Amino acid sequence: MKVLYGIQATGNGHISRCRIMAKYLKQQNIDVSYLVSGRAKKDLFDMEVFGDFQHRQGLTFVTNHGEVNYAATAVNNNLVRFIRDIYALDLEPYDVIITDFEPVTAWAGKLRNKTVIGIGHQYAFGLNTPLAGANPIAKMVMKYFAPANISAGLHWHPFDETIFPPIIDTSLTPTEQDGSILVYLPFEDQRLVTRLLRSFNGQEFILYSPELEDKTLANVKQRKTCYAGFKHDLTKARGVICNSGFELISECLHLGLPILTKPIQGQMEQLSNAKSLEQLGYAQVMDSLDGDVIATWLQQLCPRQPRHFPDVAKALANWIASGDWQTPSKLVAQIWPAAD
746 MKVLYGIQAT GNGHISRCRI MAKYLKQQNI DVSYLVSGRA KKDLFDMEVF GDFQHRQGLT
806 FVTNHGEVNY AATAVNNNLV RFIRDIYALD LEPYDVIITD FEPVTAWAGK LRNKTVIGIG
866 HQYAFGLNTP LAGANPIAKM VMKYFAPANI SAGLHWHPFD ETIFPPIIDT SLTPTEQDGS
926 ILVYLPFEDQ RLVTRLLRSF NGQEFILYSP ELEDKTLANV KQRKTCYAGF KHDLTKARGV
986 ICNSGFELIS ECLHLGLPIL TKPIQGQMEQ LSNAKSLEQL GYAQVMDSLD GDVIATWLQQ
1046 LCPRQPRHFP DVAKALANWI ASGDWQTPSK LVAQIWPAAD
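Heads up, the sequence shown is in this note's numbering, so the first residue is 746 and it goes up one at a time.
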């Protein structure tokens, strides 16, 4: 079986999830080629697991100070090039297309009547999933950005019969806590974030962002985003402050880490995630970077019960290898009882 796997690289969550899938697909002896879009190739890191992957510009979202800028997004994306890349992509060698919200592979497959399997969080937004910030543009983006004719959505709760638990590295385990708070707010102004964190003199923060270089400013350790270092610091932290992206919060739930989350304003996915987290009682939400909210959260910080998620990536790799793709609901019904 030959598979083309499209990876959306706007955020690191898609890449993290696909790294885990890549390991299990390799164990199944499936011949997988990868195509990555949504970020300049020079800005990608720790991509060895994907081998000699293809790269396209794709489509991405522009954010300013923690909020989606739709006007800048429209200007920044080259639709002519995007359409050209879709029609130029050779799908003849492949039996099936898998997309983690990657639009070039998804649309190329759709237009050539190929089977397209969508594996990702964005495919979990059905009728029963909590929604927030759902304007017509956001709904259109969610529906048409990377269409799939078979969906394996991922979420923290089985809101629908085709929704799986999160794909995470199930070997990730907490180590001895060092008292630090891990902070990952890559869509915010890092100078403002650093200034805010430095006001909490007695608390050590480890702040990760792709634009930072490794240095220490008083109680704030700034770190350039790196896969191994981030995972190491995550397992030693006593709490996490982050945007409302799906993958990192899933890992925090798995580790039993308290979460303070700020959704990106104007992005339906993150606003909806924040709403789900509040409804499920999994995290505290703040609408803006608020020092008073952070102070209260730090004062009330206490460990949470880890949320056990089964090895979804392994189950999905087996399902893909089986070729019986039309019935994801059967696998969903089998896998959720293993979550607690």
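Since the hints were made in silico from the structure, they are not lab data. It cannot be assumed that every hint is accurate.
Simulated DEER-style distance windows between Cβ atoms [stated by the list, open to error]: (1) Q1044 x G1001: 13 to 21 angstroms; (2) V807 x S1033: 17 to 25 angstroms; (3) Y832 x D776: 18 to 26 angstroms; (4) V794 x I828: 40 to 48 angstroms; (5) R857 x D797: 17 to 25 angstroms; (6) K976 x K1075: 26 to 34 angstroms; (7) V807 x G1026: 50 to 58 angstroms; (8) Q1050 x N774: 35 to 43 angstroms; (9) K976 x P1048: 13 to 21 angstroms; (10) Y832 x Q1044: 34 to 42 angstroms.
Since this is a predicted model, take the numbers as computed values, not measurements. All C-beta atoms in this analysis are idealised placements derived from N, C-alpha and C, irrespective of residue type, glycine included.
Hint check:
1. Q1044 x G1001: 13 to 21 angstroms: holds (19 angstroms)
2. V807 x S1033: 17 to 25 angstroms: holds (19 angstroms)
3. Y832 x D776: 18 to 26 angstroms: Given a distance of about 24 angstroms, which is inside 18 to 26 angstroms, the answer is holds.
4. V794 x I828: 40 to 48 angstroms: violated (30 angstroms)
5. R857 x D797: 17 to 25 angstroms: holds (23 angstroms)
6. K976 x K1075: 26 to 34 angstroms: Since K976 and K1075 have Cβ atoms about 33 angstroms apart, the given range 26 to 34 angstroms holds.
7. V807 x G1026: 50 to 58 angstroms: violated (33 angstroms)
8. Q1050 x N774: 35 to 43 angstroms: Taking Cβ atoms as reference, Q1050 and N774 lie about 38 angstroms apart, which means the hint holds.
9. K976 x P1048: 13 to 21 angstroms: holds (19 angstroms)
10. Y832 x Q1044: 34 to 42 angstroms: violated (57 angstroms)
In the structure shown, a violation is registered for the earlier hints numbered 4, 7 and 10, in ascending order.
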